[in-house]
Amino acid sequence: MWIPEMNLANSESRARNAAAESPLVRLMAVLLLLMAVALFYVMFRQRPALEPAHVHSQQPEPRAIVARGDLASDEQSQIDLFSEASPSVVHVTSLALRRSRLSLNVTEIPQGTGTGFIWDSEGHIVTNYHVIKDGAGAEVTLSDNTVWRAEIVGRAPDKDLAVLKIEAPSETLRPLALGSSSNLQVGQKVYAIGNPFGLDQTLTTGVISGLGREIQSVTQRPIQGVIQTDAAINPGNSGGPLLDSAGRLIGINTAIYSTSGAYAGIGFAVPVDTVNRIVPQLVAFGAVTRPGLGVQIGTDQLASRVGVPGVIVWEVPPESAAGKAGMTGVQPGQGGRWIIGDVIVGINGVPVTNSTDLFRGLDEHEVGEVVKLKLVNQGKEREQDVVLQPLP
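Quick note on numbering: the numbering used here labels position 55 of the sequence shown as 1399, and the sequence is numbered without any gaps.
Incorrect hints may appear among the rest.
[As the list claims (entries may be wrong)] Think about it this way: if two alpha-carbon atoms lie no more than 25 angstroms apart in a straight line, the pair counts; the simulated SDA-like pairs of lysine to any residue are:
hint	residue 1	residue 2
1	K1724	Q1645
2	K1716	S1699
3	K1718	Q1675
4	K1668	F1703
5	K1724	D1644
6	K1724	P1653
7	K1724	V1650
8	K1716	P1566
9	K1718	Q1564
10	K1668	E1713
11	K1724	I1683
12	K1718	D1644
13	K1477	A1631
14	K1718	E1663
15	K1716	G1705
16	K1668	P1579
17	K1718	G1679
18	K1533	E1428
19	K1668	V1714
20	K1533	S1421
[Unchecked claim] FRET-style restraints, in silico, Cβ to Cβ:
hint	residue 1	residue 2	range
21	Q1529	A1480	18 to 28 angstroms
22	E1710	R1412	53 to 63 angstroms
23	L1646	D1729	25 to 35 angstroms
24	D1478	V1694	28 to 38 angstroms
25	E1708	Q1564	13 to 23 angstroms
26	S1417	Q1645	49 to 59 angstroms
27	S1421	T1490	22 to 32 angstroms
28	S1526	R1493	32 to 42 angstroms
29	P1661	D1478	27 to 37 angstroms
30	A1416	E1727	54 to 64 angstroms
No wet-lab data here; the hints were simulated from the structure.
Heads up, the beta-carbon is just placed ideally off N, CA and C, and yes, glycines get one too.
Produce the complete structure using the sequences and hints provided.
In structure tokens form, the structure reads like this:
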């Protein structure tokens, strides 16, 4: 077949040109695609968000509030009680002295906090002894947030009570009304006001869970007639008032029964009848005139070790109440041994098996009263009247 040379040459030229242009075309296509993607990205980022179709132009309105109506009578009574009693409750901060290692200056630092309440218009404040026992002084914050330097005027460690005094104007002091703890009943409503964990003016409610409880003071002497309550009592509530539904003081919150140190459903309060007997003595004398025999007694561990039931009378000063009654203590024997004298096994007809029993019996009496002791000496029993003396 004849094929013209010109046509063959043109075909070969076009093929070579197409082969040369193919990479360039692909490169340009890729560049155009990248530019289009970049332009789309820029336009998308700068495009304002479209308003959803369901959004209205007017502002949303909250739902209508339903009128509550009157408070329940028990709610209103609790509110009134707190409003009336809280101005009488104070925040107590114990202060400790600290001397700088680099100077002779002595500064006061906060030691611990608790609660107290106003006892009278003269500025006396009642709190727990353990709140201020490690401090050299104290500060009292009233409900109006004014802070007053407090003088510690009296301590009663055996009953975990202390009295402070501030020089605040009498018109700012509102003493709590006193009730009685002698006629309380299990199931009565009670109200505790205090500063748990430093949170001022906190109200908790509950009932009297038990009466006639006994707890140990910081001196290990028993505090009797203690009120048990399920009103929440936490660290910081110590020294605060326990009130009845009439807003009267019926006890001072002093302890909780808990393995963790926080509220566990059982709290204890020193009964107001004990408080009302102790506080006037602290205000007048700075200490409690405790009734006692004037003897030194042996430890319960010693009595248990030698197999003696009761309280061993260790030493009897001649001028003591027991000495004047003819009681005798431990005497030295032959070979370095000791001869046990009188052992107290009863007081006013109540058996005494340990020192707690003895202290409990003595605390029921006043200085000058006569108690009848049941004594055992070398296997012989006798009864002895003793006129109680004041103890330091």
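Numbers of the earlier hints that this structure fails to satisfy, in rising order:
16, 17 and 21
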